[in-house]
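First to last, the sequence lines map onto chains S and H.
The C-terminal residue of the first sequence carries number 235 in the numbering used here, and the numbering is unbroken.
The C-terminal residue of the second sequence carries number 256 in the numbering used here, and the numbering is unbroken.
Some clues are possibly wrong.
Beta-carbon label-pair distances, calculated as ranges [claimed, not checked]:
no.: 1; chain 1: S; residue 1: Gly154; chain 2: H; residue 2: Thr226; range: 52 to 62 Å
no.: 2; chain 1: H; residue 1: Ser203; chain 2: S; residue 2: Ser169; range: 22 to 32 Å
no.: 3; chain 1: S; residue 1: Thr224; chain 2: H; residue 2: Thr226; range: 24 to 34 Å
no.: 4; chain 1: S; residue 1: Glu200; chain 2: H; residue 2: Arg135; range: 21 to 31 Å
no.: 5; chain 1: S; residue 1: His99; chain 2: H; residue 2: Ser203; range: 21 to 31 Å
No lab work stands behind these hints, which were simulated from the structure alone.
Ideal placement from N, C-alpha and C gives every residue a C-beta, glycine not left out.
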Amino acid sequence: MSLNKEATDATAIGDVEGVTLYDVDHPAPVIEAPRKRTKKTPKATRGNFEMYGWLFMRLSGIVLVVLVLGHLLIQLVLDGGVSKIGFAFVAGRWASPFWQAWDLIMLWLAMLHGANGLRTIINDYAERDNTRFWLKMLLYTATVFTVLLGTLVIFTFDPNIR
Amino acid sequence: MATPVLDKVEAESAASPYITVTFRIRRFNPEISDEAIWEDFRIDIDPKERVLDGLHKIKWDLDGSLTFRRSCAHGICGSDAMRINGKNRLACKTLIKDINPEKPITVEPIKGLTVLKDLVVDMEPFFQAYRDVMPFLITEGNEPTRERLQSPEDRERFDDTTKCILCAACTSSCPVFWNDGQYFGPAAIVNAHRFIFDSRDEAGEQRLEILNDRDGVWRCRTTFNCTDACPRGIEVTKAIQEVKRALITRRF
Ligand code: HEM
Ligand code: SF4
Ligand code: FES
């Protein structure tokens, strides 16, 4: 019996089948779940931020259906389609507070809706905390810049500029 | 003891119900390799038998090292959820004839959890989320001398979510859970739902607050994978939506 055991010990798989990296005493590392919950994982969050975010996506979505589809219709389909768009066309529309308001609301809603949607996607797909943080910073910067620039243009647009 | 022999002869002379089926199984053994591989097994089996019977045949007759969990073998313990032909199911509730035995039947471990060996995964993150929602009756004040009464209507309110067997088919079919193990996952929400809408329970508010978390119900994207996967036919996505609605109506 003891001889038998010695024999098995001596002929560990490595000897017979060439080099093996893993055996009973040195198992391969298993692939951890994507982000395992550890001691360092942040504690539960308080407040209703995610709830308001979720509600905002639905409510802004409903308003965007009207604003965006109307926008596309006016810009691309009606009255000669896309070829009619030019400086004069924009100047003509923004002379009316109604279209100013339309475009302003659409800008804000679409940007915040799109930004929050991208935030969700970054949260899902970024693997490392650092990557996630910087992608979100890039997203927020781009969003704030676009919203502010767009708002500025809508309010200070000067049809007589040369 | 002669009878079995006779039976066998008889069975062979009759038209055999057996067909040859290929099982393509995802194998992983960390004591041999860090790679998971597909391995094919061809077995003769009655198509009215279940995938679990096929796995048994393989383990008992062909390769004893094949590793999987099962306990009751009748769809009630929740041990043998696996990805069969790309869909999460219980091996003990899936008939061979229902999943096109002409083609190889693929069997993989459920996704999003650490594979320990072959079809066995580490269920700890799944049960951690389950424990987090406090899946037990919580009440205040004195205990009644007899049972806690409930009207049939009140019982009906959460009947669907009492059927859960914690097999993890839903949670491991959810893409949000796949790319981020932090999400509570459908099963934890189903089991919170079971107590939140129980008229006898008094900690619904606490459970709602737990699921109001960053990784709670708001991460659900309504893909319905969970409802499709549930072997108990629970309307999982609906339960999640009901928790969302309870959270919103509580605030407004
Ligand atoms: C036309 C009207 C629109 C409606 C009704 C709508 C509706 C929605 C809803 C309800 C969600 C949440 C999905 C979920 O939580 O599962 C969503 C997500 C999203 N929306 Fe919109 N949306 C609209 C327009 C837009 C526009 C114009 C943009 C881009 C600026 C946009 C970008 C996104 C993004 C990036 C997401 C995240 C996708 C995801 O969660 O996987 N949407 N949308
Ligand atoms: S809800 Fe259905 S799929 Fe999810 S763990 Fe319970 S029984 Fe399994
Ligand atoms: S073995 Fe118990 S549910 Fe399948």
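Against the structure, the hints come out as follows:
A beta carbon spacing of about 36 Å between glycine 154 (chain S) and threonine 226 (chain H) contradicts the range 52 to 62 Å that was offered as a hint. Under the hint 22 to 32 Å, the C-beta atoms of serine 203 (chain H) and serine 169 (chain S), about 57 Å apart, miss the expected range. Distance hint check for threonine 224 (chain S) and threonine 226 (chain H): the Cβ-Cβ separation is about 33 Å, which falls inside the suggested range of 24 to 34 Å. Distance hint for glutamate 200 (chain S) and arginine 135 (chain H): a CB-CB separation of about 26 Å, consistent with the stated range 21 to 31 Å.
Remark: the range hint 21 to 31 Å for histidine 99 (chain S) to serine 203 (chain H) is contradicted by a beta-carbon distance near 55 Å.
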